[in-house]
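Assemble chains B and C onto chain A, guided by the hints.
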Amino acid sequence: MKIAVVLRQVPDLIEPLEIAVGGKALDLELATFLVNETDDHALEQAILLKESAGGDVTVVAIDYGDIDNTLFTAAARGADHIVKIQLDDDTQPQPETMSIALATALKDIGPDLVLLGSQTHDELLGPLGPSIAHHLGLPYIGVVCGVEPFGGGMLKVFKEFPGAAKAALDVKTPAVLGVLAAEQPPRYVPVSRIRAAAKSAQFDEQEFDPPPVDALTAVTELYAPEPAECAEMIEGDEEEVASRVAGILAERGLVK
Amino acid sequence: MIRKQDAAVVDDLGFNFLAELSESPEGKDVLGCMQCGTCSGTCPLGVAMEYPPRKIILQARSGHLEDVLASPSVWMCVGCYTCSSRCPRGIELTDTVWPAVRDFALREGHQPPVELQNAFQNLYMYGNVLGKSPRARLKWTKGLDVDVLDLSKNRQPVEVLWLVGDYPSYYPRNQKVAREFARILTALGVSFGTLGAKEKSLGDCDRLFGEEGLFETLVESNAEMFAKHDFERLVLTDPHGYRALHKFYPKYGASFTAQHYTMFLADRLEQLKPHLHRPVQAVATYHDNCCVGRRCGCYEPPRQLLEAIPGVELVEMPRNRENGLCCGGGGGGMWLDGHISEHGGRRLSDDRVKMALDTGADTLAVSCPYELSRFEDSAKVLGAEQQLAVCDIIELLAQSMGLNEGGPL
Amino acid sequence: MSLSDILVVADTDRGAITDITPQLLTAARQLADATGGQVVGVVLAGDANVIAEQLTGADRVIAVSDPLLTEFSPEPRLAALEEVIRGEGPRAVLFGSTSTWLDLAPTLAARASWPIVWGVTKNSISDSAVIVTANFCAGKMLAQVEITASPALLLVLSGGFPPTEDGRQPEIQAVSPSVPLAEDAVRFVEMILPDASDVDITQQDVLVAVGRGIGQEDNLEIAEELAEKLGGELCASRPVVDQGWLPTTRQVGKSGMRVKPKCYFALGISGAPEHVEGMTDSELIIAVNKDPQAPIFEVADYGVVGEYEDVVSAINEAIES
Numbered sequence: 010m011k012i013a014v015v016l017r018q019v020p021d022l023i024e025p026l027e028i029a030v031g032g033k034a035l036d037l038e039l040a041t042f043l044v045n046e047t048d049d050h051a052l053e054q055a056i057l058l059k060e061s062a063g064g065d066v067t068v069v070a071i072d073y074g075d076i077d078n079t080l081f082t083a084a085a086r087g088a089d090h091i092v093k094i095q096l097d098d099d100t101q102p103q104p105e106t107m108s109i110a111l112a113t114a115l116k117d118i119g120p121d122l123v124l125l126g127s128q129t130h131d132e133l134l135g136p137l138g139p140s141i142a143h144h145l146g147l148p149y150i151g152v153v154c155g156v157e158p159f160g161g162g163m164l165k166v167f168k169e170f171p172g173a174a175k176a177a178l179d180v181k182t183p184a185v186l187g188v189l190a191a192e193q194p195p196r197y198v199p200v201s202r203i204r205a206a207a208k209s210a211q212f213d214e215q216e217f218d219p220p221p222v223d224a225l226t227a228v229t230e231l232y233a234p235e236p237a238e239c240a241e242m243i244e245g246d247e248e249e250v251a252s253r254v255a256g257i258l259a260e261r262g263l264v265k
Numbered sequence: 007m008i009r010k011q012d013a014a015v016v017d018d019l020g021f022n023f024l025a026e027l028s029e030s031p032e033g034k035d036v037l038g039c040m041q042c043g044t045c046s047g048t049c050p051l052g053v054a055m056e057y058p059p060r061k062i063i064l065q066a067r068s069g070h071l072e073d074v075l076a077s078p079s080v081w082m083c084v085g086c087y088t089c090s091s092r093c094p095r096g097i098e099l100t101d102t103v104w105p106a107v108r109d110f111a112l113r114e115g116h117q118p119p120v121e122l123q124n125a126f127q128n129l130y131m132y133g134n135v136l137g138k139s140p141r142a143r144l145k146w147t148k149g150l151d152v153d154v155l156d157l158s159k160n161r162q163p164v165e166v167l168w169l170v171g172d173y174p175s176y177y178p179r180n181q182k183v184a185r186e187f188a189r190i191l192t193a194l195g196v197s198f199g200t201l202g203a204k205e206k207s208l209g210d211c212d213r214l215f216g217e218e219g220l221f222e223t224l225v226e227s228n229a230e231m232f233a234k235h236d237f238e239r240l241v242l243t244d245p246h247g248y249r250a251l252h253k254f255y256p257k258y259g260a261s262f263t264a265q266h267y268t269m270f271l272a273d274r275l276e277q278l279k280p281h282l283h284r285p286v287q288a289v290a291t292y293h294d295n296c297c298v299g300r301r302c303g304c305y306e307p308p309r310q311l312l313e314a315i316p317g318v319e320l321v322e323m324p325r326n327r328e329n330g331l332c333c334g335g336g337g338g339g340m341w342l343d344g345h346i347s348e349h350g351g352r353r354l355s356d357d358r359v360k361m362a363l364d365t366g367a368d369t370l371a372v373s374c375p376y377e378l379s380r381f382e383d384s385a386k387v388l389g390a391e392q393q394l395a396v397c398d399i400i401e402l403l404a405q406s407m408g409l410n411e412g413g414p415l
Numbered sequence: 004m005s006l007s008d009i010l011v012v013a014d015t016d017r018g019a020i021t022d023i024t025p026q027l028l029t030a031a032r033q034l035a036d037a038t039g040g041q042v043v044g045v046v047l048a049g050d051a052n053v054i055a056e057q058l059t060g061a062d063r064v065i066a067v068s069d070p071l072l073t074e075f076s077p078e079p080r081l082a083a084l085e086e087v088i089r090g091e092g093p094r095a096v097l098f099g100s101t102s103t104w105l106d107l108a109p110t111l112a113a114r115a116s117w118p119i120v121w122g123v124t125k126n127s128i129s130d131s132a133v134i135v136t137a138n139f140c141a142g143k144m145l146a147q148v149e150i151t152a153s154p155a156l157l158l159v160l161s162g163g164f165p166p167t168e169d170g171r172q173p174e175i176q177a178v179s180p181s182v183p184l185a186e187d188a189v190r191f192v193e194m195i196l197p198d199a200s201d202v203d204i205t206q207q208d209v210l211v212a213v214g215r216g217i218g219q220e221d222n223l224e225i226a227e228e229l230a231e232k233l234g235g236e237l238c239a240s241r242p243v244v245d246q247g248w249l250p251t252t253r254q255v256g257k258s259g260m261r262v263k264p265k266c267y268f269a270l271g272i273s274g275a276p277e278h279v280e281g282m283t284d285s286e287l288i289i290a291v292n293k294d295p296q297a298p299i300f301e302v303a304d305y306g307v308v309g310e311y312e313d314v315v316s317a318i319n320e321a322i323e324s
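Protein chains in written order, with my numbering: chain A, 10 to 265; chain B, 7 to 415; chain C, 4 to 324.
So that you can see chain A by itself, here it is in the shape it has in the complex (with noise of 0.2 Å):
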């Protein structure tokens, strides 16, 4: 089976975040980026995938970011092929060019399944995966936490609901998922294979000019929030604190 993963840069939340001058938009030269959470589950079914039903693994990226450390991660995960897709600059693009230079680019690989993350935490328009999806002419199934190959190109893909229960789904490739957990957490990889990777990996860059894109929204103004109403916060040392809660429990009957 071909599988594609289309790997997403996002800010790293660790760090404090600056908006930048304008009052708009985040200021991007100063956040540090990181891969997002879920395509990383992405790129792990992917690899099981590989690994229980044969076929290759591409991963697509936009260059932006740390990319670079993500790719050599993805190839030392067991990714067998790379594409980098080169825009004019390299800040986060917008959303929508995103979508058609990844769809571009997933169009010319021809794969049978076309792996993502379901969500990102910088996702304002929502989620990528349909817009993807959208432009490639294929069905989307997002909130995945399961997929499994039973022949004539047919996948069987869980979906997860409320109250833990999970949809069963018959779905025909090629289709795009949107992976939020992968069947196993995503695999260590030891630094060396990440270091040798860095020196013999090799990437398909491919340079794409992106057509002016119409936008729907505009963002305003964004800024970071008031310090909502807090909790009472209990002071002291552990005992203090303790007798604190358990005096607590007990006014309220919770202690047998």
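Hint data in this document are derived by calculation from the structure and do not stem from the laboratory.
There may be inaccurate statements among the hints.
[Unchecked claim] Pairs of lysine-lysine, DSSO-like flavour, derived with a Cα cap of 27 Å:
1) B:Lys148 / C:Lys143
2) A:Lys33 / A:Lys165
3) A:Lys208 / A:Lys165
4) B:Lys138 / C:Lys293
5) A:Lys208 / B:Lys206
6) C:Lys293 / B:Lys148
7) C:Lys263 / C:Lys293
8) C:Lys293 / B:Lys145
Chains B and C alone, transformed into the frame defined by chain A:
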């Protein structure tokens, strides 16, 4: 290059393991293992390991290395060096065999325990094992009454480039020690600076844990960083970093004059003594940390410092100096408590605190950042936190110099 | 058919509306009050009339019934919904950010070139623009977004629009799709429900929830002890379940269970919206986390900044005495 018959092995995996080990002179000693079992018998966690050191070598020779690699005991060594210090053949097990076995395990696709994976990932992404923002490295200096130079922003020559370390930078209990050390250095008139947000872990723990690639990344980055600055020596609050700099960085061409803080201060004992004007009433026993102690053979400087403090009475635990018992935190052990106890291992710090209590001491003095929290936890578990205060030597010195923050004593 | 009407697409589960639907109706009412239009509910189901009655607060409900709308199947729902939206021509269409609509709303937006915003917690109309406030970067930032085109598709986050008491009973219009619905490359097979043999955490008075912050699996013991002492059960945020430390039946949150116990301990849980959604209705929330900035402290009634092991062990002891 060794031949299969030299290595007395029967399969490729074991052969490759021993062949790779033999590429270095220290590693080659493994071929001389006579299976006496001193290592396994002396290992504090040997009883809980499915494959203690002796067996690892046996399995490699007899063509069953893959069983070892798949076993949870691969992740149970806490890097205490007891085996290495007692091996009659002088095999540096901890520095060669253990990292190699883990490296092979990783290469064969075995997953390290999750907490350890997270520690590696944090080190790789943020240069610190706690996964904290690098920009927050100097937060511990907020409100401090002495200046701590951030050389990454303000490059100037200093006598001491102080590598603060991950725990002293970010972990509340240890940040106090960092602040007090800054005050001590200032009182002694030492010109010092730190690397601020650019400081990264020295990587000793991940090296021991088989993450050679990660270690190399850190060596390169650190060597490049140090080369940019003008200093006489590196001083470290973390013994693990000291050991890495002292023994392993030179193998990568990165040689710097480095001292653990106990060595640095002991060298300046005469200058320090007049500042120790307040008596500190304590019956203290010193726990030799594995790195500065057994690994580097440095036992007296910490004791000289303690003995210099008026009011401190130093008592020794029977297991002291090269026979000290590891706290269990070394070599990545800080991220293995769950794994170790799941597989029948003991919490070594509990045993060590009992030994301290048995001496009648009211203070357990340490000089490694991991030990503060590990021993304090153990004291609580044993219900002894009122009887035994756990302090870094820096805290006791600061107390005597009137520079302390109102800590445990 | 009116550019001043606001459509609400009901989110349903096994024949009933879910908690987000009344919130959507509240949000829609705010917009409709400004436009002078109606709040129009849309129900897509096997038997939509039964569910349509549950949309109190709407002026009208369009109940679309068809066997292929009973379970999740993308193409039938997309076709049926698109027909309704084009027929109604509303100013805005509101959806819950649920498993169904997170797929279908953006798909519809892409196909029809309609504007869409995700993470909406506030909405209003100004001049003729729909203005929303949306969460960005896990709530660390807020974005104010203006949408001038119609219909504006809004994916609404749970918690932004506490439901108001609006008892109005809607007029129900039962309709059938004008073109027969059909499944295409995706076919619904079955729903797989969790193993009923484990504890039902939704029925517990006391829940002790553990998150990534507890460190290692071994540390579950301390939480278990707390749960035991209070006659409660252990539950977890997603990462703990993903690691395999607890089964999925213990998962609290958007894709797990929604719980409303008398007391909910959040231990080592950062408070990501996906988790908070599942427990925010708890009567008493006590959070322990070593990060003073953890978002859980915004939701909790009481908070403790400290190390999970130390604090919870101490609490266990204090309860003993």
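The hints, checked one at a time:
Between Lys148 (chain B) and Lys143 (chain C), the direct Cα distance comes to roughly 24 Å. Compliance with the 27 Å bound is thereby established for this hinted pair. Taking the CA atoms of Lys33 (chain A) and Lys165 (chain A), the gap is near 42 Å; set against the 27 Å cutoff, the hint is violated. For the suggested pair Lys208 (chain A) and Lys165 (chain A), the alpha carbons sit about 38 Å apart, so the restraint of at most 27 Å is broken. This hinted pair checks out: Lys138 (chain B) and Lys293 (chain C) have alpha carbons roughly 13 Å apart, not beyond 27 Å.
Taken as a hint, the Lys208 (chain A) and Lys206 (chain B) pair is honoured in the structure, with Cα atoms around 24 Å apart against an allowance of 27 Å. At most 27 Å may separate the alpha-carbon atoms for a hinted pair to count; Lys293 (chain C) and Lys148 (chain B) meet this at roughly 19 Å. Proposed proximity of Lys263 (chain C) and Lys293 (chain C) is supported: the alpha carbons are some 25 Å apart, at most 27 Å. At most 27 Å may separate the alpha-carbon atoms for a hinted pair to count; Lys293 (chain C) and Lys145 (chain B) meet this at roughly 16 Å.
In terms of the numbered hints stated before, the structure departs from hints 2 and 3, listed from lowest to highest.
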